[in-house]
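Sequence lines, in order, name chains V and W. Here our numbering runs 42 ahead of the position in the first sequence, where the first position is 1. Here our numbering runs 169 ahead of the position in the second sequence, where the first position is 1.
Just so you know, not all the hints are guaranteed correct.
[Said to hold, decoys possible] Derived lysine-lysine pairs resembling DSBU-like cross-links, with alpha carbons at most 35 angstroms apart:
#1 W/K242 to V/K55
#2 V/K61 to W/K304
#3 V/K153 to W/K226
#4 V/K74 to W/K226
#5 W/K304 to W/K238
#6 V/K87 to W/K242
#7 V/K55 to W/K211
Hint data in this document are derived by calculation from the structure and do not stem from the laboratory.
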Amino acid sequence: MTNRIQDAFDNIKASKELKSSTMRFLQMEREKRSPRQVRRPVWRKTLAAACAMLVLMVGFGGYYTIQTPVAYVSIDVNPSVELALNRYDRVVSATAYNEDGEIVLDGVTVKGKLYTEAIDLIVESDAMQPYLTEDSALTFTVAAGDSNKESTILSGIENCSGCQEHGGRSYTADVNSMTEAHDSGLSFGKYAAYLVLSQYDNTVTTEDCQDMSMAEIHSQISEHENDGEHTGNGNGADRNNNCSDEETGKSESGHGNGHGKASDD
Amino acid sequence: MRSEQETNRAVGLYSNMIRRICLYHLKGSADTEDVFQNVFLKYLLYDGDFADTEHEKAWFIRVSINACKDHLKGLFRHSTVSLEVLAEEAAALEPDHQEVLEVVLSLPAKYKDAIYLHYYEGYSALEIAAILKSKENTVYSLLSRGRSMLKEKLGGDGFDE
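With the hints as constraints, model all of the structure from the sequences given.
Right, dumping it as structure tokens:
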């Protein structure tokens with residue numbers, strides 16, 4: 043009986059038409075699906091990857107442009123603070139180079155602000171007021187490695203109310219001196235003043251300057267200049283302009299100095 | 170996706186078997202063509218590997234049975250197979266063969282897979298249980314009941330296990 047079932051079912055076969063129509067159907071399905079499932083994903087994935095790369099590059103490029111400092115402003119009275127500016131003149135970071143500077147930066151948020159706004163905020167801050175006396179020698183030093191940029195920033199600073207009201211002076215400095223300055227624990231503004239002073243007095247050290255206010259350094263420079271012991275131009279800071287028409291007197295004014303270094307990032 | 174060569178080989182190898190499974194599940198050649206396309210399309214898109222041709226054959230049996238059941242479900246058709254389907258084959262069939270097929274086709278649906286796989290494809294109850302994802306004991310009872318019905322209707326002896 044097993045044979046009867048086998049014999050009976052042996053007669054049942056798929057017709058040639060059924061087989062060939064199935065093969066045609068499969069071929070159509072294969073063609074229909076291959077562009078979508080095999081080829082398209084390749085260029086789609088490539089395109090997607092390219093788009094992602096582009097977005098990343100534009101994003102990273104933009105971020106890089108915004109975050110890369112191209113110029114620096116050192117603000118020194120006794121508090122020493124440095125602002126790093128991006129190509130759009132916005133502050134990307136603010137760093138204090140002594141404890142007084144830290145206190146000043148703790149009280150203000152300058153990141154992302156135009157440098158002129160940042161200078162006004164810092165100079166007008168409560169923490170800065172005790173240092174801004176008549177003879178405090180508020181000093182702005184600009185370093186950009188590009189003289190056009192430096193003069194633009196200098197004129198911006200000179201027009202700041204914070205600079206004008208407190209008789210600040212502005213200078214430019216060699217951007218390459220920044221590393222040496224920071225290694226010595228000084229802002230590059232104070233370091234530039236130290237370089238000038240050290241030409242008159244080779245016994246003065248950066249450590250001495252850490253403990254001196256800008257008024258004290260400037261006062262010593264003035265004494266040497268008045269003594270006629272001037273032997274050449276400073277290779278650190280080039281004197282530029284004073285922000286206000288009135289000349290501020292320079293006299294010693296003692297302030298406790300610290301050597302701290304902090305950032306408000 | 171499988172190559173044209175692979176699918177053509179499978180069509181050549183398994184078409185007759187699928188045709189027979191369709192015969193005892195479905196009503197006519199239009200349904201059979203649908204199920205054929207469905208089964209081989211699944212094969213075309215199936216990414217898995219088969220250990221050997223036995224494994225592949227068992228896959229085709231299972232997919233074909235499921236495709237037949239799905240087809241009937243999808244169309245709200247009654248799963249009882251009309252003997253009209255044999256009319257399409259009648260010209261080529263000897264009277265004895267036609268009688269046997271009629272009897273097999275007239276069995277309740279749940280017996281037909283076990284009977285076909287055992288008596289035609291030669292699978293053991295254990296193998297059938299694996300293919301149908303069923304219990305071995307269930308397959309034994311399906312075969313036993315199915316065999317009794319065949320004996321009753323065909324009047325013959327010698328239905329071996």
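**Unsatisfied constraints (hint numbers, rising)** = 3 and 6
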